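Modelling step: build the complete structure from the supplied sequences, incorporating the hints.
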Amino acid sequence: MYGGGNTFEPMKATGIENEDPVLLAEFEARIERGEKIEPHDWMPQLYRKQLIRMIEQHAHSEIIGALPEGTWITRAPGFKRKLALMAKVQDEVGHAQLLYSAAETLGKPREQMLDDLVTGKSKYSNIFNYPAFTWADSCFISWLVDAGAIVNQLANARGSYGPYCRALERICAEESFHLKYGHHCVIHLATGTEKQREMMQAAINRWWPPMMHFFGPPDKASVHSEILMRWKVKMSSNDDQRNQFLDMYVPKIWELGFTIPDENLKKNTVTGKWEYTEPDWAEFKRVINGDGPCNAERLAVRRTAEERGRWVRKALLTPKTEYVTPLA
Amino acid sequence: MNKSLDPRVNRLDLPQGELTPKVPLDQFGTFEVFVQLKEGKGYRHEGSVHAPNIDMAFLFAKEQFSRRLMCAGIFVAETRNVFVTGFTEDKDSIYNHISDDFPEDGEIENYEVFHLNKRGKQHEHIGSVPSKNHQHALAQAKGEFIDGPPVFNIWVIKTADILFTEEEDMIMWNTLHEKKFRDASDYKAADKIKAFKERQQ
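Sequence lines, in order, name chains A and B.
Residue 1 is where the first sequence starts when you use my numbering, and the numbers rise one by one after that.
Residue 1 is where the second sequence starts when you use my numbering, and the numbers rise one by one after that.
I should point out that these hints are in silico values taken from the structure, not numbers from a laboratory.
Errors might be hidden in some of the hints.
With a cut-off of at most 20 Å between alpha-carbon atoms, the simulated EDC-like pairs for lysine to aspartate or glutamate come out as follows [what the hints assert, rightly or not]:
id: 1; chain 1: B; residue 1: Lys197; chain 2: A; residue 2: Glu198
id: 2; chain 1: B; residue 1: Lys3; chain 2: A; residue 2: Asp291
id: 3; chain 1: A; residue 1: Lys82; chain 2: B; residue 2: Asp183
id: 4; chain 1: A; residue 1: Lys49; chain 2: A; residue 2: Asp116
id: 5; chain 1: B; residue 1: Lys158; chain 2: B; residue 2: Glu124
id: 6; chain 1: B; residue 1: Lys192; chain 2: A; residue 2: Glu255
id: 7; chain 1: B; residue 1: Lys91; chain 2: A; residue 2: Glu26
Cβ pair distances, simulated, as ranges [stated by the list, open to error]:
id: 8; chain 1: B; residue 1: Asp55; chain 2: A; residue 2: Trp281; range: 45 to 53 Å
id: 9; chain 1: B; residue 1: Lys38; chain 2: A; residue 2: Thr259; range: 47 to 55 Å
id: 10; chain 1: B; residue 1: Lys197; chain 2: A; residue 2: Trp281; range: 35 to 43 Å
id: 11; chain 1: B; residue 1: Gly143; chain 2: A; residue 2: Gly15; range: 45 to 53 Å
Some chain B residues close to chain A (C-beta under 10 Å, calculated; not the full set) [stated by the list, open to error]:
id: 12; residue: Pro7
id: 13; residue: Thr79
id: 14; residue: Arg119
id: 15; residue: Ile193
Everything numeric in this text was worked out from a predicted model, so none of it was measured.
Glycine included, each C-beta is placed from N, C-alpha and C at the ideal position.
Below, the structure is given as structure tokens:
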């Protein structure tokens, strides 16, 4: 559920002029008819590349996103919260596996993707480069970061690539518990003592800027994004997703008596769109390129897990199995 | 690196500097997973897992595909043991393209047959046929299943290449219905919000 199929930088050339025009027309007609593209179908290079990037980054976001929440399992208030948070974190890691499998059907092995994660070659959702200081931060992630991801995932689930859609359907079904659980945690703090309310308000203040970054910078109109929209790789613009998120969740935050640290935030009753202070995109760029508060720690944890778990994999490895691309 | 906010990360004692690079592509094999939601219902392909052997694949499949919905059975087969036909479209059944000829080598054994009935959906288990080899199994399946609705792709797996759920394994799903904390309905809070709003007025 951690979403994030929107952090990639657009490619320079589409390469579409090198594709076979007959095959390309059949491919586009299939998408036009609302059919899914399956692994055995012909597809343009750009489609394959962009989907691998998108699904892979989504998978990485699930793995890395489990870290700031996982931090809080041992300190979650009470047995029930511990159980729930543990189940949620397990779900997220399971989602990563589903997504890696979907990306693998496009021809990039899972291990290559995991390597590209730990070497910093491929990205993950930028929001997880920020720390979860208090329990309330973890509640913010469970409720609102998940909510943002669901907006993104529900859109992508209507996309054109079969294996990705099937993985997302499964993921979205599991997400419904995450969202309710997160909301439940926030309501508990909101209706609690003054101290609990202050803690939650402080978390909202901390997480609002990265939350606004979450959906990515406004899309520039380009041939590239026009093609990806037509091929149903990208299902809606970053700004549309941000607007949808604000529309669904700002009233729910306000209803609990919290404030949002943006004095310009309001819904324009004429256009029906939300107006807000443009987030600091220079910071977004700086953090996504490695200079955030937690980038180094997140990757170091993954790298160490890889290295220290190596003997286990080695002990289990038998020459009897063989890696091949999964079927569907 | 600064001291982490995460006590577990501090306990990890993260090494400074470079780690030993890993050997490339030492990854596990892939297995296809089939799930039965209810006793008596058919098995359906659910996805794949990576595992060092078929027993571990079964365990990973249980963790990955039976955390939520009730599950009556799982079976797994290594991906390379799945024999896959070509694909057809529209009304054209793949059975129209299956040859009745097959090589004569092999002993008679059971083979499991899976149909793709709709583009974009998952393969479903349809039955098993005693055959000498995969090709023979396809020809046998053609005789048995060609009269149904069109099939767009077929998988055939030798029954001996599959690890099935044993009767005694099924207790692992006994507690599934007790795990309400995985269900959205366990987190009702509308009353709390209502009471909160009333207090504010």
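Hints, one by one, checked against the model:
1. B:Lys197 / A:Glu198: Given that 20 Å is the threshold and the Cα spacing comes to 18 Å, the pair holds.
2. B:Lys3 / A:Asp291: Roughly 17 Å separates the two Cα atoms, so the pair holds.
3. A:Lys82 / B:Asp183: Holds, at roughly 15 Å.
4. A:Lys49 / A:Asp116: holds (15 Å)
5. B:Lys158 / B:Glu124: holds (16 Å)
6. B:Lys192 / A:Glu255: holds (12 Å)
7. B:Lys91 / A:Glu26: holds (18 Å)
8. B:Asp55 / A:Trp281: 45 to 53 Å: holds (50 Å)
9. B:Lys38 / A:Thr259: 47 to 55 Å: holds (49 Å)
10. B:Lys197 / A:Trp281: 35 to 43 Å: Once the Cβ atoms are compared, 37 Å apart, the range 35 to 43 Å for Trp281 (chain A) and Lys197 (chain B) holds.
11. B:Gly143 / A:Gly15: 45 to 53 Å: Since the Cβ atoms of Gly143 (chain B) and Gly15 (chain A) sit about 47 Å apart, the hinted range of 45 to 53 Å holds.
12. Pro7: holds (7 Å)
13. Thr79: holds (5 Å)
14. Arg119: holds (6 Å)
15. Ile193: It holds, given that the least Cβ distance between Ile193 (chain B) and chain A is near 6 Å, below 10 Å.
In summary, the structure agrees with every hint in the numbered list given earlier.
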